[in-house]
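Trainee: The lines below spell out each chain.
There are 2 protein chains.
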Amino acid sequence: MRRIFAVTLLVLLLSVSTAFAADPLPAWNDTPTKKAIVAFVEAVTREDSPDFVPVAERIATFDNDGTLWSEQPMYFPEVFLLDRFRAIAPRHPGWRQAPTLKAVLDGDSEKFPPEIHILVHAGYTTEEFAHSVKDWAAVARHPQTGRLYTEMVFQPMLELIGYLRDNGFKVYIVSGGWTDFMRPWTEKIYGIPPEQVCGSSVKTKLALRDGRPVIVYLPEVELIAEGPGKAVAISKYIGRRPIAAFGNSDGDLEMLQWTKAGSGLRFALLVRHTDAEREWAYDRSSARGRLDKALDEAEAKGWTVVDMKKDWKVVYPFEKE
Amino acid sequence: MRRIFAVTLLVLLLSVSTAFAADPLPAWNDTPTKKAIVAFVEAVTREDSPDFVPVAERIATFDNDGTLWSEQPMYFPEVFLLDRFRAIAPRHPGWRQAPTLKAVLDGDSEKFPPEIHILVHAGYTTEEFAHSVKDWAAVARHPQTGRLYTEMVFQPMLELIGYLRDNGFKVYIVSGGWTDFMRPWTEKIYGIPPEQVCGSSVKTKLALRDGRPVIVYLPEVELIAEGPGKAVAISKYIGRRPIAAFGNSDGDLEMLQWTKAGSGLRFALLVRHTDAEREWAYDRSSARGRLDKALDEAEAKGWTVVDMKKDWKVVYPFEKE
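Residue numbers (numbering that gives the first Met the number 0), protein chains in the order written: chain A, 0 to 320; chain B, 0 to 320.
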């Protein structure tokens with residue numbers, strides 16, 4: 000009896016405090032974009048809503064590069080891969096025999112040889128690789144802002160992830176930029192645990208090192224989570240079509256189309272980089288994060304498009320300092 | 000102030016009720032096996048324990064066939080695959096040209112041609128496949144017990160999954176018997192959502208069907224989650240080494256070894272089928288679910304081995320009816 004009283008009282012007090020709760024998206028201006036996000040979340044979470052979705056089916060997927068953090072002037076995962084490539088090159092003297100690789104090591108080339116993805120993985124254990132990512136993330140700084148790369152995440156998107164999670168969503172990252180580059184730090188930075196991160200991957204095998212079983216990378220790409228590969232990754236890792244998907248480029252188009260093609264109310268959002276002062280401004284002709292076909296589709300289908308300059312009060316968390 | 004009072008009162012009342020909580024494992028006899036399970040869970044969850052593990056790292060992985068449900072006289076996923084193969088054969092007249100497949104269709108062969116795994120997937124969408132699994136699970140019955148296959152799950156293991164979940168564990172199934180055969184029903188039967196099921200898989204691609212984007216199976220195996228493949232699947236899908244792993248056969252040996260090779264307290268358990276009356280009795284020489292090398296390893300390393308006959312009060316939930 001006293002327990003029932005306590006529970007009733009608690010529920011009552013929590014309801015009252017919720018009614019006067021602070022804005023869950025304070026870094027967002029009060030524009031139609033913010034209203035569209037809130038309207039969607041309320042529509043799928045209010046039990047009396049015709050669009051109500053049970054908690055178990057509230058899956059939201061986010062691209063990472065350009066959606067949750069910046070991607071200029073070079074994709075951050077590629078910065079890591081290059082740094083790692085140079086750091087371990089002395090252990091692999093054969094690399095200097097290949098002219099394209101030698102040019103990278105000598106700083107004579109601005110090109111990113113795609114085989115570097117494989118070279119920095121192959122033969123290393125997942126644990127060694129994770130350590131190298133953590134070590135890099137703790138010290139590597141962006142050439143223009145001087146900030147740690149992991150500081151260059153978008154404050155409004157951090158709030159959006161939290162808002163979705165508080166409303167019963169399970170939030171995933173689906174990254175073209177290699178699953179195992181993301182997993183070591185997403186929990187700390189985004190509050191997203193490693194098992195909710197999927198994306199591009201390299202094949203692995205079980206092996207013994209000093210008599211201890213470990214997972215070792217093989218020199219073979221398994222999946223590239225860009226374009227249609229993002230839908231393939233989601234189907235494989237999560238096994239459900241998301242009800243909300245968030246991206247910023249043509250590489251996210253199929254993920255958003257596939258999400259919207261599910262039954263019931265679905266949400267698709269693109270982050271458009273329109274703020275040359277606080278971040279970068281680029282879209283249809285950019286080499287990185289090109290937003291062209293997906294922008295046409297968003298306009299044709301009425302998807303939500305974030306105008307960074309107009310919709311965001313702050314871009315990076317450090318602006319609030 | 001009143002809110003603090005309510006919370007305090009609630010915490011107090013919940014603590015009192017927990018102290019007198021009912022046995023979380025009532026289908027388990029009070030043997031050393033049960034004591035080992037409870038001792039492990041208490042050691043990693045009590046905050047004052049030297050073996051305490053934070054909630055985020057409490058990952059437990061279960062094999063399915065022979066560990067969570069029966070696997071005699073034929074692996075249940077193979078029963079489904081054969082039923083599905085026969086059901087869709089009229090749509091694939093070419094199948095009758097292959098003597099081994101014709102023999103299966105005419106009921107002239109007891110052998111299971113391995114290519115059937117691919118044939119029943121290739122060209123179908125993940126949604127069609129999931130429907131076929133659900134339809135099958137709703138009606139297919141075991142030839143000896145006359146029960147639905149999904150009724151032939153082990154009551155003590157259902158309790159164990161619930162006990163782990165109540166103690167903050169994230170419970171995964173890692174099944175050799177095809178991820179997409181499991182995902183449509185694991186939430187209903189085990190309370191484990193599709194995104195916590197991984198295992199053997201077939202490659203897929205994104206395709207358009209009637210203008211709608213869907214995921215379609217390709218005629219190629221992606222991963223076989225048996226033996227070392229179980230550790231590979233866990234590393235890929237979860238990205239963490241489990242702290243507890245549960246299996247029943249030599250196909251689970253590497254998963255258990257890899258789990259135990261992590262730092263800190265780890266738990267490895269094998270279900271040994273010793274009850275010819277209530278279930279089946281088999282181990283070292285069985286064609287299905289052979290338990291030989293893993294049993295030697297369990298004895299040498301002191302892993303926990305369930306003796307079904309001695310340790311379990313009931314085997315199936317329907318025994319309680």
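Simulated from the structure, these hints should not be mistaken for laboratory data. Be aware that a few hints might be false.
Any copy will do: because identical chains look the same in the list, a pair fits if it lies in one copy or spans two.
[Claimed, not checked] Mimicking BS3-like on lysine-lysine, the simulated pairs with C-alpha atoms at most 25 Å apart in a straight line are:
(1) Lys-34 / Lys-101
(2) Lys-300 / Lys-204
(3) Lys-259 / Lys-110
(4) Lys-319 / Lys-110
(5) Lys-101 / Lys-33
(6) Lys-33 / Lys-309
Trainee: Where does the structure disagree with the numbered hints, that is, which hint numbers, in rising order?
Mentor: 1, 3, 4 and 5
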